[in-house]
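Line by line, the protein sequences give chains S and Y. For the first sequence, our numbering gives the first residue as 1, with consecutive numbering after it. For the second sequence, our numbering gives the first residue as 1001, with consecutive numbering after it.
In case anyone wonders, no lab produced these hints; they're calculated from the structure. Just to be clear, a hint being listed does not mean it is correct.
To be verified - Subject to a maximum C-alpha distance of 20 angstroms in a straight line, what follows is the list of computed EDC-like cross-link-like pairs (lysine to aspartate or glutamate):
{"hint": "1", "chain 1": "S", "residue 1": "Lys40", "chain 2": "Y", "residue 2": "Glu1211"}
{"hint": "2", "chain 1": "Y", "residue 1": "Lys1272", "chain 2": "S", "residue 2": "Glu44"}
{"hint": "3", "chain 1": "S", "residue 1": "Lys43", "chain 2": "Y", "residue 2": "Glu1211"}
{"hint": "4", "chain 1": "Y", "residue 1": "Lys1272", "chain 2": "S", "residue 2": "Glu18"}
{"hint": "5", "chain 1": "Y", "residue 1": "Lys1204", "chain 2": "S", "residue 2": "Glu50"}
{"hint": "6", "chain 1": "Y", "residue 1": "Lys1275", "chain 2": "S", "residue 2": "Glu50"}
{"hint": "7", "chain 1": "Y", "residue 1": "Lys1214", "chain 2": "Y", "residue 2": "Asp1329"}
{"hint": "8", "chain 1": "Y", "residue 1": "Lys1050", "chain 2": "Y", "residue 2": "Asp1375"}
{"hint": "9", "chain 1": "Y", "residue 1": "Lys1214", "chain 2": "S", "residue 2": "Glu44"}
{"hint": "10", "chain 1": "Y", "residue 1": "Lys1050", "chain 2": "S", "residue 2": "Glu72"}
{"hint": "11", "chain 1": "Y", "residue 1": "Lys1050", "chain 2": "Y", "residue 2": "Asp1421"}
{"hint": "12", "chain 1": "S", "residue 1": "Lys90", "chain 2": "S", "residue 2": "Glu109"}
{"hint": "13", "chain 1": "Y", "residue 1": "Lys1214", "chain 2": "S", "residue 2": "Glu72"}
{"hint": "14", "chain 1": "Y", "residue 1": "Lys1325", "chain 2": "S", "residue 2": "Glu50"}
{"hint": "15", "chain 1": "Y", "residue 1": "Lys1275", "chain 2": "S", "residue 2": "Glu72"}
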Amino acid sequence: MKKIEAIIQPFKLEDVKEALKGIGIDGMTVGEVRGHGRQKGHKEVYRGQEYQVDLLPKVKLEMVVPAARLEEVIKCLVTAARTGKIGDGKIFVYDVEEAVRIRNDDRGETAL
Amino acid sequence: MNSRLEAVEAAAKSAQSAGDNAWMLVSAALVLMMTGPGLALFYGGLVRRKNVLGTMMQSFVLMALVTVLWAIVGYSLAFGEGSFFVGDLRYLFLNGVGAAPNADYAATIPQQTFMVYQLMFAIITPALISGAFAERMKFSAMLLFTTLWSLLVYFPMAHMVWGKGGLLNAFLGGKIACFDFAGGTVVHITSGVSALVCALYLGKRRGYPTEPIKPHSLVLSFIGACLLWVGWFGFNAGSALAASSLATSAFVATHFGAAAAALGWILAEWIKNGKPSVLGGISGCVAGLVAITPASGFVKPFPALLIGFTAGIVCYLMVGFVKHKFGYDDSLDAFGVHGAGGTLGALMTGLFATNLVNDVLKDASGRPAPLGLVDGNSGQILNQLIGCAIAWVLAIVGTLVILKICDAVLGVRVDPEQEVDGLDLSLHGEEAYNLEA
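Based on the provided sequences and hints, a complete structural model is requested.
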């Protein structure tokens, strides 16, 4: 099993969700986060007081998928989340030791 | 025949009284609306999320506290016929303030209407100061400060300018005729200058100006500013104390001043920063409303536009440059807008006041006296300057003394830990936005 962590542009969330649904990935956890990579922030001015805003709003998706489907899911994510501009985000992949469905003790890929 | 004439006269008088009283009661309600929710929203939106309730409370509690002070002694100290500097105690506990008009102030409305209308000014003035000590003053110290400030600064200043026999009262036996229709000196200079003293005395908020301290909701501020704009019609046009053509003239001047100032600030900001901001627009309209306040019952519509436009630019420079240059943390720009705008408006009143608008003041031969420079009265600008100077000095000295007292008795500033946690939680035990609740 692999855990995929994708940090994407907030306005791409709906596209990504639809695309994942299209290939049968239903389970995910989504959080609103702030951060930046190479994308520069922006300037805000309040009554002449300037602030450089570096941490920009992003959405983080987390999902665990069977290892066999990893490349397919990554391809789907990249296609749906890409605009081609700096700030599109990143995908990180981790190994997962175990998964447990709390409702009925299912283990491993059955629990996904 | 005679009795019929008398009956007609009485009916006409009663009709005028009814009309005037209706307008004055509406005006009183409009001015209260400026404090709550107007100013509370305007200031509440400008602070960080953790301080919005504390900030709103500083406005709201004054609606209660100053009312009690006013009933006990405030109205008498402001409008009792006393010395040049303060009223006497004839209206203590509102003794004798009832349905009968007080002809010195407003001959066609119950004195009780006049009393409650003026109360609303006494409420908003100290509420304006809270913009300078936002996000860091103890609630207990704020209550003590405001009580003493009303007694030592506001009531005397209101008496000097508007009370019978007051030093600066142009219409009721003053020594130096200073024109202040609705409170340029009494309300805006006293509050704005006191605000600067508070900002300097309390010191900067933690993290200012290196950490971002951004307004948490300009939407709230926007609603608040628009309520202020509307409420200001009660403030200025109501100051005619009758539903008269003078009230109309003041209404128009007020609106024109706000409009031109909003454009002035937006324009200045657009040129300087490349972007016209909403905060700039609403700050500009408030600056214009402040500046037109003393002039509103004395100037024609085009000078009102000019006063507003100038105020929009000057106040923008005050908060955008002067504040940063000197480094004081006038958190919500009470001084930059009310102190500077009030002074500017009071001085420009000396230029543009004209008896074509306000002919109450008569010369020796009974003709309307020349008012400002446009009427050929070049000396008026000096009188306006003296009025401003008295308001500045009273505000500086009074506020400094009162702050020292409050600091000695209670301490004026919250603990660093409380400041980090925010006033809402540390002082009031609640949070503004429990979105997960």
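Broken hints, numbered, in rising order? Checked against the structure, the hints that fail are numbers 4, 8, 10, 12, 13, 15, while the rest are satisfied.
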